Structure formats: structure tokens, C-alpha cells
Amino acid sequence: MSAYEPEKIEARWQKVWQDEKTWEVPNPGQPGFSDQKPKSYVLEMLPYPSGEPHVGHLKCYSVGDAIAHYRRRHGAEVIHPMGYDSFGLPAENNAIKTGEPPRVATERSIESFQHQFHRWGVSIDWSREIATHTPEYYRWTQWIFLKLFEHGLAYRVKAPVQWCPKDATVLANEQVVDGHCERCGTLVVQRNLAQWFFKITDYADRLLEDFDLLESWPDHVITMQRNWIGRSEGAAVVFISEELGVEFPVFTTRPDTLFGATFFVLAPEHPELDALIAGTEAEAEVREYINEVARESTAMRGAEDRPKTGVPLGRTVTNPVNGEQIPMYVADYVLMDYGTGAVMAVPGHDSRDYEFAKTFDLPIRRVIEGSDEESAKDDEGLPYPGDGPMTGSGRFDGSNNREAYEEIVTWLRGEGRGKSTINFRLRDWLVSRQRYWGAPIPMVYCDGCGIVPVPEDQLPIELPEIKDYAPQGQSPLAAAEDWVATECPGCGGPAKRETDTMDTFVDSSWYFLRYLDPGNVEAPWSREAVDFWMPVDQYIGGVEHAILHLMYARFFTKALADMGYVGVQEPFANLFAQGMITRDGAKMSKSKGNTISPSDYIDRYGADTARTYVCFMGPPERGGDWTDEGVEGVHRFLSRLWRFAAEVEEKSGGARKGDGSGGTGGADGDAKVLLAKTNWAIEKVTRDFERGFQFNTAVAAVMELINEAYRVKADLFGDPTGEACLRFAAVTAASLISPFAPHIAAEIVDRLTGLRVWETEWPKPDPEMLGGDTYTLVIQVNGKLRDRVEVATDADSDEVLELAKASENVGRMIAGKEVIKEIVVPGKLVNLVVR
RNA sequence: GCGGCGGUGGCGGAAUUAGGUAUACGCGAUGGAUUCAAAAUCCAUUGCUCGAAAGGGCAUGUGGGUUCGAUUCCCACCCGCCGCACCA
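Numbering (the numbering used here), first residue to last: 1 to 835.
Hints were generated in silico from the structure; no laboratory data involved. Be aware that one or more of the hints could be misleading.
[Said to hold, decoys possible] DSS-like cross-link-like pairs, simulated, lysine-lysine; straight-line CA separation at most 25 Å:
| id | residue 1 | residue 2 |
| --- | --- | --- |
| 1 | K166 | K467 |
| 2 | K39 | K764 |
| 3 | K496 | K158 |
| 4 | K8 | K21 |
| 5 | K147 | K158 |
| 6 | K158 | K97 |
| 7 | K828 | K672 |
| 8 | K672 | K37 |
| 9 | K496 | K419 |
| 10 | K147 | K199 |
This one's a predicted model, so the numbers in the text were calculated from it and none came from an experiment.
Build out the structure end to end from the sequences listed, making use of the hints.
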């Protein structure tokens, strides 16, 4: 009997797949294309190539490949490509440290990924491989930039932006976590810079509404995006400074509390502040406060339990509902980038305004009554955020605040002082980066013509070779003077290139379209290919991309659809968010020294073991802790499968065509039990795939099948029907495990049937064989398990009840008691209720 | 604070999707077979507890409820993880 030698069988089948280009699929119009099969686009989030692939990649692609295999065996034409998100900071930071050009380190890493992915045996169509750092790719990233610009969706503006001093670049709002740089953890500061933005806010509503178009996304991912977009309904209300004749619009979700507004607060960055304080007594103090705030980091400013600070402006505005003059303040608890940067303060019904009023001794007015005790005394129960009858609100007194809401807004509208409106938390996407290793922004600046887009036929604007990658507060590209100096496409005069590069999230916002037509030199993709393959039927990746990447890609798809380049509104119909693998309960990191190198395990146990293990260690959508013992357990299981199949091959002859079920008819005894278990396993694994990729229990079911085979095999060898059942069990076990362990499965199925497992149809359970002649009847007394007996499947309720009562143990439990109820659940249990 | 997810043996987890055998599968542990020996392999046992055994009692974060029967449904709470957060 040959031993299980994964290194041999894995190399053998990998060579077959590579030589025969097994996983390559044609596009419409290409030779071999057929529209008879349903298509399925299975896609894992493309990896950032840094060093070698890690266990996160192993898990992502093990899950994705299982799905790809499963769908192929259900008759689908599966497109399963991969590539590299190869622009980005780590390679550039490495370059600054070592002087090695980012391209060199990146391409070395890509080679390592290619090598590892081949060793993992992942079923990828390598003819579609892409890398975002190649001019062939970023030419089209630049092209999309131009299209967005053309359609008014890309614009340049000077604005306060988040700046990371360590990486010396600006960051998108989404890349600032708790006031720190998402990448390096450095405290982020604000700077006023002219930057390129994408107008994602134009799509805020559609990004929300179109969640309805998705087939299956995890709820928590949708919730995270929903919160991030932060749609809130309310009213825009205009407060006027009579002295200056300036209008101050505010956004409020509570126009019903307008009568309770006792002061008015502006953000320190508010553009009207200058005009308000110029030449007044308050000027010096206010300026000092503004400067103080400017020095503080975003994190400090947003800190919890921060005492309220602010300065009175010595001015007032008019409350539109009652004409009252209320004092104006500047305070840092009002944010410039939400709403209008100004708020009407209602201390009676808003906790922040309440705190501020307490600190500055401002009037607090109740305008909505709560329950009786709460409204007993003026200031008790305040701030009160709830609903109730209105008070101190003129003609609205007595009506419920929710009902008065509409009336107040209507009244404001009639007066020209306000209207109902919707506000979003989402900001436009800042895409400029003052870094080298990214796609250059295809724009030039001309003294005469201003900002001029590079004509399409001049793309790509290639990254120049430079020597010094260190950022100096501006892009390292600025040092490449020959490159920067160019000719204005408009007037032909001297002009300068934009030296910022694009955020790498731009590269990854459309790569799934390029896979569909990767060699196209005329266009980023052919509409025909995109119409055929899109949307992605199953997307797989980590939750860490729940907001950034997934929202940007959705935005791009919608914008490209509006321009007529794609025909879908949503790129990813189904999303699977995998959980993170930990080691000793902790996130793996180089600094902790607890990283797992997949290649070490593949050297020792083979790719099948590593792949099956990551699918078995727990539900794939949850995290799991990597243990060496667990890996060994899976390897032990595959070895058992192997030995069992080898024994079948040896004792019952070589390959016989078919699914292995030939000759199993008329089985009884252990043979029949094994046959039933085999059919049960088919049913169970299939159900686990269909019910959202419950791979841990799918693998467990095949383990159970193998355990059953070991239990009965000694008795069955030698008997023709018994051997047929063993053979069927072996072929089926291999077939069912093949999405996780494709090499061992290919080898076993080849040896026992002469067929190629990936070309065979997914097995179907024989419903006749699922149930046996008998079942285990559970007998309860007062709901407690008292006995179990084997009962014929066709026994009726009376017979079952009789058998239950005949049980010795049950007899003891009901002796001397009155049976007041008898519950019979056919095929399952009997419960006798006694008193 | 808001939103989401979760709490089951020594450990990872199963059963939760129509309420019906709690702990599948794996790990770990113990015993046995094989071996000169070890590794590997195979077999058996393994929630806690009382009992010689037959068998009993107790167990799914806590407290209630519905039910013949609740890990599953309802109410109230506790703990953990994740996301967002002075968002007006």
C-alpha cells in the first residue's frame, strides 16, 4: 500500500492543470466560448504583494477556491482570476529605507505570490493575471480619472485635510482611525491644501438605496456602510445676524425644539467668523481660541468626556420662530465638516448643548414635556431627548412634538426661513497622495489655461524613474523636473504636470472589470465581456474592507454605469466576509513574532492539509486560532482517507468508470449502513455549501463518513456487494472533499474510476438510501430522556406508543402514576406526561 | 452613547433556519493492541457528579416566562468582541 505523499501527488496534478490550462475560460466571441452554461464570477479581494502570502491569503483563497470548484461541478462556467494591488506605501517606505526601487521589491514579491499560489493548487485562470502598478493597467486607472473629471466627478479644491506627518501625505477621512494614520499610527494633523477629490457624495443616496439590489451581503457590513454614509433627515433653518445682514443656515434633526434654542454656536473653522469678530472686543480672545483649537489633533478634539470650551462672540442672531435674539459662541464641539458648521443650541433637549449651557451659565428652556415626575421642576429631567407634548412654544403648545414637526417645517418654508432637508456624514473621497509609488494623476497646470486634463491618447502618463523616494512635504515626483515640465495640451505653452499620485484604493476600485478583458489595448474592457461576466457572483475577503474598498468600488461601478461603460449598478452581488486567523488568541504580527508562514506547513503536510485545515478550524466567517495540533488532525484525516482508498484499490481491483456506486444494490447489514452514511454525507456537504459555506461542518461530515468506513471495512472486504459499498464510500469521500483538497481527491478518483474529479458532476444523494428500515425512537417521561429503542420506520403511532410503554426503564418511571398525556412525534419521540 | 455580533466540555466548535436524543467533528487526555523499543497506525473511554452496577441528579452567561418538552421562542439583566462616535 503506497503511503500518502502529498508532495508527489500535488506536483503531479498541478502540472496537469498548468499544462492543460484547465482553469482558463474564454470570453464571448473567443474560441471555445459557449453561452449554454450559466456563468459564475468567483473573486477574492486582490492581495497587496508584500513579502510572501500569509495565512489570511491562504484562508481567503481556500474558501474562494472551494466555491469555484463546487460551482464548476454544478455545470457553471467559472471565471476565477487573480492579480496584485501592487502600488502602495510599504514598498515605498522600504525604498526610502534601503534605496531599493519599489518596483523591484514589488515584482519580487509578486513572483513569490505566483509561486506560492501554484503550490496551493488554487484553480486560477492565470491568463487573466494583472498587476495595478504596470503601465498597461494604470493607463486605464488614469483613463477613469479623466472620465470622472469630464463628468464633473473629479475636482480640485483647497480644503482642510488630514495630513500624516510620518508618511508625509494626506489621507482620506476613511484612512484616519481615532485621529491616527490607519497605516502607521501617527497622530494626524490638519492642513489646508489643494487636493483632488472624487464626488462620492453625489452617490450617497444610491449607495444606500441599492443595498436592495444585493443578493447576499453580511448584515454587519451593510450596517457599517449605512452608518458611514450617515444619512439623517431634518431641516435646514436660517438664523440671521441682523447687525451684519449675514444668514447662518443650520442643519437640525429637531426643528420641533426651535423654541428652546437659547444660543448659537459656530465651529472654530467657520468662514464667517472673521467678519463677525473683526474690530470687536471679542476679537483677541476668539482668535486665541481658534489658534488653540487648530493646534489640537483631531483625536484630542474628539475625545470622550472632554469638558466643553468656547468663547462668546459678543453678537446675536435671530431665532426665526420667535424673533428672539440669542447670543453667538464659537466652540470646538461644533464640527465644520458636518452640516453647516453652525448649530442652534437647545440645551433643554440636547446633552451637548446642555453641558455647554451649564458651563457658560446660559438659559436652559424646556419646550417638550416628559412624564410627570420629569417635568415637575424646571431643570429636572433635562436634557430630555424624548417625545411629548410641546410647551413654551407659542401656538404649538399642547400638540405632540412629532406632529408639530411637519407644521413647523411648513411654516418655516412659508416664511422662507427653512425647509426639510437630508444631511450626510459621508465626505467626498480625497484621492491625492504626495507619494511616488502610485498612478500619476493625469493633469497638467498651465498658466494660461489653468487645469488641463491630459488627452486620452497620451496615456499612460508613466511614472518616471527617480533616485530619492523620501517625501519632502510634496510628492517625490516634483524632483523629476524633466518629467514635470511639459507642454500644455490646450495652448501648447509650457506647463507643469500634477505631481501627486492617486490613492491606491482607486486602483482596486475597478480591477474586477479589467480581469474580464485584461489584454485590451483599445479600451479598459469590452462592454460585451463585462455584460457577460458581471456582476461578481461571489466576492470573498476580510471585513477590514467593509467600508473603504467596498464602498469605493460600488461608487466606481455606479459612476461607470452612468457613463454607459458598464451595465450593472452593483459590482458584487454576494459578499462573504471571512474572519481573521489568530495565533494564541492574538492578531499575528511581525513585531509579536507570532506569524504563521503557510509555506512551512505546506512543506510539511502539503497544500491539501493546509487548505482543508483553514476551512475546518471554525465557521469561515468567524475568526479562529491556528494550532499545530489542529493541522495535524486534518493531516491525519486526509491520511486515513488515503489509506482507505488505497486499500479499496488494492483489494477490489483498479479503476472502474462511474461514480463508484455500481454493484451496491441489495446491500444489507453494515454494507447498507455505510451506503446510508455515504448518501447522508453527500446530502450534508451539499447543504452546507448551499447554506452559506459552512465548511467546518462539511469537512466534519466527510470525516464521519471515513470513520464509519473504518468501523465496517474489515467485515466488508471479500464480499462483492460490501466491496462495492466501500468503493462508493471512497470515491464519494474524495469527491466531497475535493473543493478543499483538490489534489488528493484528483488522485483517488483517478485511481478508482479513471475519471478527473473536476470534470465529474457533483454527487447527488439517493433519497431511497437516506432512511434506514428502523430509526431510534426517543422515549421521554415528563420531557426527560428515559430510554431509546429501535423502531421500524413504518410503525404507526399506536405501535410506537406500545413499544415505549414496554420499556423497562419507562415502566419504572411511570409505575404508580397516572399518565395524563401522551405525545407522539412520528419518526422521532414519545413523551409520556405523568402525575 | 448608537449600531452589530457573540457567551455551549479541559480547548476549537456542533445542534439554533419549524422548539423534540445537548456536546457531532477535531484537538487534548487516559487505557489497550502492534513494536526489541519508539514513532506511526488501529481499537476503546472521555461534560460534571452520586453509585460496585443497574440507574439517578445537575449542566448551554444570570433571573423570570410560555410549553408535555427550551441551547433554540418571549421579557429583564450581566459579560465579551467589533464598528461608529461632541454627527447637531
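Now for the hints, and whether the structure bears them out:
1. K166 x K467: At roughly 20 Å apart (the allowed maximum being 25 Å), K467 and K166 satisfy the hint.
2. K39 x K764: Satisfied, since the Cα-Cα distance of roughly 21 Å is no more than 25 Å.
3. K496 x K158: The hint holds at about 18 Å.
4. K8 x K21: Holds - the C-alpha atoms of K21 and K8 are around 20 Å apart, at most 25 Å.
5. K147 x K158: The given pair, whose Cα atoms are some 22 Å apart, holds under the 25 Å limit.
6. K158 x K97: The hint is violated at about 32 Å.
7. K828 x K672: holds, 21 Å
8. K672 x K37: Distance of about 36 Å is beyond 25 Å: violated.
9. K496 x K419: violated, 45 Å
10. K147 x K199: holds, 13 Å
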